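Chains as they are written, first to last, in our numbering: chain A, 1 to 390; chain B, 1 to 390; chain C, 1 to 390.
Worth flagging that the hints you see were computed from the coordinates, not collected in a lab.
Incorrect hints may appear among the rest.
Which copy? The list can't say, so a pair holds if one copy fits it or any two copies do.
With a straight-line cut-off of 30 angstroms between C-alpha atoms, the simulated DSS-like cross-links for lysine-lysine are [said to hold, decoys possible]: (1) K122 with K338; (2) K122 with K302; (3) K286 with K338; (4) K342 with K302; (5) K313 with K166; (6) K338 with K264; (7) K166 with K276; (8) K122 with K264.
Since the structure is predicted, the reported quantities are computational estimates derived from the model, not experimental observations.
Each chain, written out:
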Amino acid sequence: MSAASLIFSCSMHVGVSHPKVAAKSSACCFINHPCRHLNSTSCGHSMVMEKSKLSHRGDEILCRAGAVQVESAPSFSVGQKFQLDDVIEAQQFDRESLNAIFEVARSMENIKSNSPASQMLKGYLMATLFYEPSTRTRLSFESAMKRLGGDVLTTENAREFSSAAKGETLEDTIRTVEGYSDIIVMRHFESGAARRAAATANIPVINAGDGPGQHPSQALLDVYTIEREIGKLDGIRVGLVGDLANGRTVRSLAYLLAKYQDVKFYFVSPNVVKMKDDIKDYLTSKGVEWEESSDLMEVASKCDVVYQTRIQKERFGEKIELYEEARGKYIVNQDVLKVMKKHAVVMHPLPRLDEITVDVDADPRAAYFRQAKNGLYIRMALLKVLLLGW
Amino acid sequence: MSAASLIFSCSMHVGVSHPKVAAKSSACCFINHPCRHLNSTSCGHSMVMEKSKLSHRGDEILCRAGAVQVESAPSFSVGQKFQLDDVIEAQQFDRESLNAIFEVARSMENIKSNSPASQMLKGYLMATLFYEPSTRTRLSFESAMKRLGGDVLTTENAREFSSAAKGETLEDTIRTVEGYSDIIVMRHFESGAARRAAATANIPVINAGDGPGQHPSQALLDVYTIEREIGKLDGIRVGLVGDLANGRTVRSLAYLLAKYQDVKFYFVSPNVVKMKDDIKDYLTSKGVEWEESSDLMEVASKCDVVYQTRIQKERFGEKIELYEEARGKYIVNQDVLKVMKKHAVVMHPLPRLDEITVDVDADPRAAYFRQAKNGLYIRMALLKVLLLGW
Amino acid sequence: MSAASLIFSCSMHVGVSHPKVAAKSSACCFINHPCRHLNSTSCGHSMVMEKSKLSHRGDEILCRAGAVQVESAPSFSVGQKFQLDDVIEAQQFDRESLNAIFEVARSMENIKSNSPASQMLKGYLMATLFYEPSTRTRLSFESAMKRLGGDVLTTENAREFSSAAKGETLEDTIRTVEGYSDIIVMRHFESGAARRAAATANIPVINAGDGPGQHPSQALLDVYTIEREIGKLDGIRVGLVGDLANGRTVRSLAYLLAKYQDVKFYFVSPNVVKMKDDIKDYLTSKGVEWEESSDLMEVASKCDVVYQTRIQKERFGEKIELYEEARGKYIVNQDVLKVMKKHAVVMHPLPRLDEITVDVDADPRAAYFRQAKNGLYIRMALLKVLLLGW
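Make the full structure from the sequences, and use the hints.
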């Protein structure tokens with residue numbers, strides 16, 4: 001995904017009434033959708049439903065949508081908000097939609113074992129269609145589905161569906177898999193694959209990472225974690241540390257936090273992996289303050305969030321000495337903890353190597369394992385909203 | 001599987017009373033079988049039960065069986081029919097048994113989410129024992145099991161059980177896995193493996209493809225789809241197109257449709273992959289009309305079903321130019337649609353390459369994705385009948 | 001694991017009150033633990049709980065523990081016994097704890113499908129974190145979990161979590177996975193990995209094999225099978241046959257049976273794979289009789305249990321002729337059966353090659369498939385005790 005599209009292609013569905021659910025209600029579905037029965041006489045020849053295309057009008061558009069005729073567990077209803085059909089990229093979300101998702105995620109934290117809420121997705125099947133393995137992400141989504149009473153069809157070798165030898169298109173695969181399941185969580189090696197899948201499918205699609213492209217549930221859990229840990233998103237000071245050039249995580253985070261008031265960023269990174277101009281320009285255009293610094297201690301002393309990232313060795317190719325130099329430069333350790341504010345937190349998308357020393361783990365400000373756990377709640381929330389509505 | 005066995009080894013159990021269930025009721029079972037309690041005192045030393053062998057008497061034998069003492073969800077009972085212990089090959093089935101299975105499959109289409117019927121296999125465990133990966137088939141079976149409330153143990157690397165290094169026999173593997181599950185769905189690379197597994201197991205076995213041999217659930221779903229789409233099986237005209245030499249799909253389909261009245265076949269294929277003599281001879285011996293044609297348009301204009309297949313590149317080895325020539329010869333596209341009857345359908349076992357152009361998909365007569373979905377209903381029906389009886 | 005640690009590092013928790021459950025009750029858990037609500041206000045910043053370390057005081061220490069405040073399905077309660085937090089090695093268990101586990105395992109054999117007992121682990125999620133594939137063991141654990149109403153997150157490619165490329169520590173992986181699940185069943189290629197995982201996790205860990213180290217559920221099911229088949233453990237005569245040098249199975253079995261009265265061992269093995277001195281010395285030190293023999297027929301005629309094992313080809317490297325000689329030397333066949341006592345049994349950890357001939361299978365004394373099935377009951381018992389308490 002180019003910088004331009006990252007910045008300007010924010011998409012929300014405006015004034016449309018749940019095209020996926022509408023499509024599902026008139027297609028010849030199988031079991032699971034509450035809306036299915038509305039139109040269940042059309043089962044002779046199936047109709048290929050036209051999906052309303054995603055509208056791209058920039059990120060300032062207010063998101064409203066028509067009434068959604070989906071049963072929704074009352075205790076999790078937060079009113080009829082905008083429509084969420086698929087989760088494809090961080091740019092779909094604005095402040096309002098983020099808040100709505102976070103509200104659902106918070107309710108997920110309180111679900112008791114074997115309570116009615118823990119069964120809200122009973123009877124629903126999620127297909128994890130992974131074209132490349134990503135065990136951590138897969139387990140997180142599958143745990144989310146099962147924690148809500150749903151079940152899962154798993155594949156980590158989805159490339160076989162469309163192997164060069166057999167040559168099936170992604171679109172054909174999606175049409176087959178949507179016959180077996182109610183929602184597809186897809187990981188793919190090609191940027192844009194999730195959008196193509198969503199354009200084909202009559203059931204919701206969640207992008208669990210498409211190559212160098214997007215990984216929106218990671219972006220959401222990062223923002224959610226900051227709000228949970230700091231208690232607010234307006235007015236925060238955020239230090240982004242480490243590999244700022246290649247990490248889609250920090251780029252998405254900068255993009256999303258720019259939607260809040262009076263946020264200031266500090267970029268602390270080795271020269272070879274500095275934050276790129278597209279994000280800097282975008283922040284400037286939005287009136288968001290940022291500065292670059294080479295002094296991690298000073299930044300750490302000012303920030304609410306120190307967001308550390310792994311220097312990605314695989315990006316350096318044969319320039320191992322450059323990697324080694326970059327890697328050792330900014331380490332979060334006890335010295336950094338000492339200067340950090342009492343309420344501040346250290347975050348990291350994991351996995352980590354030694355860019356955060358192990359002795360940091362015991363400090364209450366080490367938020368990275370809680371952050372990983374928040375991924376569960378965010379994914380529970382996304383599954384709930386996509387399958388049951390708000 | 002040789003032509004001779006394909007044609008003459010039709011097997012149905014005649015006048016026997018559910019040998020697998022009988023065996024299970026006296027073996028030291030674990031949880032799941034309704035019959036288990038009948039004889040549950042024999043749990044000291046387990047008895048190795050003799051399984052009644054499959055009887056092979058040709059395909060004209062009427063299938064009757066004694067009473068089956070199995071609980072059966074009343075709404076799905078279709079009376080006490082013949083006995084179904086395992087699903088090993090298309091030739092097991094005659095017209096009567098196909099109809100009975102299709103009746104169950106139709107009832108599966110109407111199961112509502114979270115209805116009692118959607119839980120009929122609750123407490124049952126299916127082991128998908130795949131010695132070679134086949135994601136599509138596996139997901140279809142696993143979806144079928146879960147749509148009925150059952151659960152699944154998955155393995156796509158079953159070769160490890162019996163790796164050359166360790167050298168365990170298939171029979172030993174089956175005896176272990178049957179201790180963990182209630183039904184085995186097996187994919188194997190060797191023809192005949194499913195029959196060996198069924199001969200060993202005291203629980204039902206479904207063949208999900210054994211090398212160049214059989215893939216009976218695919219054969220069933222093809223016939224089921226024709227009946228659902230055309231409304232009848234007697235008197236139909238069927239064009240089989242593409243790779244008729246290597247495709248087990250079209251061979252099984254020709255075999256099964258020969259059981260119906262006044263069916264006529266048209267074979268349309270490149271010279272290098274023509275329908276083999278065994279099937280032609282068999283059809284002739286059954287009084288079924290067939291003819292070969294090189295004119296797809298003319299055939300398409302007459303047929304109720306145009307069954308397209310993929311030319312299998314892997315069969316051509318280094319003769320790539322032969323493959324390329326064969327591949328482009330008969331394409332189903334808008335021109336073909338134009339001459340087809342209004343009620344006729346295009347079918348394909350999937351995956352497809354370009355032997356059906358993508359612009360055909362939107363036509364209501366494009367039945368191939370519905371066909372894939374029908375695989376779900378057929379597999380639900382097989383699981384139901386094998387585990388609960390009729 | 002060195003011989004010394006195998007023999008002397010027996011660990012049981014003495015006088016401590018369920019440190020894992022205590023930890024869980026005050027950590028910010030998600031759904032599943034009955035104890036979770038006790039302390040559910042501490043969800044702001046999570047506290048890293050100190051786990052009480054395993055105490056190592058030799059194998060004679062009596063195992064008692066404080067009261068466990070866990071809900072337990074009444075019919076499976078066997079009183080408040082000692083505490084079981086993790087299952088790491090065979091040496092944790094003494095006679096009393098083995099008996100307690102076997103009592104639970106026996107109750108597992110009688111659970112009826114869809115009975116309340118078959119749902120006792122509903123709402124619990126088990127993560128099978130396998131760093132190397134072991135399909136048999138994995139399916140057995142997953143079947144155990146599902147037979148009790150629980151669900152499973154599966155991974156057989158857990159090495160990706162901590163690949164050399166990314167370099168995550170096992171500890172970090174465990175901290176992530178424990179956020180998604182309620183119990184971890186781990187297979188690892190390094191001896192000691194399970195102990196490290198258990199020391200990190202705030203949820204129970206079961207060792208499903210760690211390299212050349214331990215595989216405690218196999219050891220338990222072996223002893224359980226002897227008790228079920230022979231009716232007692234005191235006073236038995238046990239012939240260990242085959243590869244006694246490399247098999248962790250027979251070594252663990254000798255270790256555990258030494259806890260019973262008047263047990264005598266016969267070691268029958270090719271010279272190249274004889275029982276090592278550490279076990280012989282240990283048995284002697286415990287006053288357990290043993291002798292070596294090269295006469296399988298004579299040993300078989302005296303024993304209650306003939307425990308055959310596979311000669312592991314992979315241990316012989318290029319010395320194939322040594323392997324072939326060792327392999328053919330001691331075969332259990334009809335001749336051996338003829339001299340065996342009527343009540344005696346043949347056992348084998350599986351997979352077998354030809355060290356037991358197939359014609360032995362039909363004999364009621366062939367216990368090896370029942371032994372495999374007993375693995376299911378033992379694993380059900382372990383899951384029940386670890387998650388619900390006694």
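Each hint tested on the structure:
{"no.": "1", "hint": "K122 with K338", "in the structure": "neither (48 angstroms within a copy, 45 angstroms between copies)"}
{"no.": "2", "hint": "K122 with K302", "in the structure": "neither (47 angstroms within a copy, 47 angstroms between copies)"}
{"no.": "3", "hint": "K286 with K338", "in the structure": "neither (33 angstroms within a copy, 55 angstroms between copies)"}
{"no.": "4", "hint": "K342 with K302", "in the structure": "within (11 angstroms within a copy, 73 angstroms between copies)"}
{"no.": "5", "hint": "K313 with K166", "in the structure": "between (34 angstroms within a copy, 8 angstroms between copies)"}
{"no.": "6", "hint": "K338 with K264", "in the structure": "within (22 angstroms within a copy, 63 angstroms between copies)"}
{"no.": "7", "hint": "K166 with K276", "in the structure": "between (40 angstroms within a copy, 24 angstroms between copies)"}
{"no.": "8", "hint": "K122 with K264", "in the structure": "neither (43 angstroms within a copy, 47 angstroms between copies)"}
Violation of the numbered hints given earlier is confined to hints 1, 2, 3, 8; the remaining hints are satisfied by the structure.
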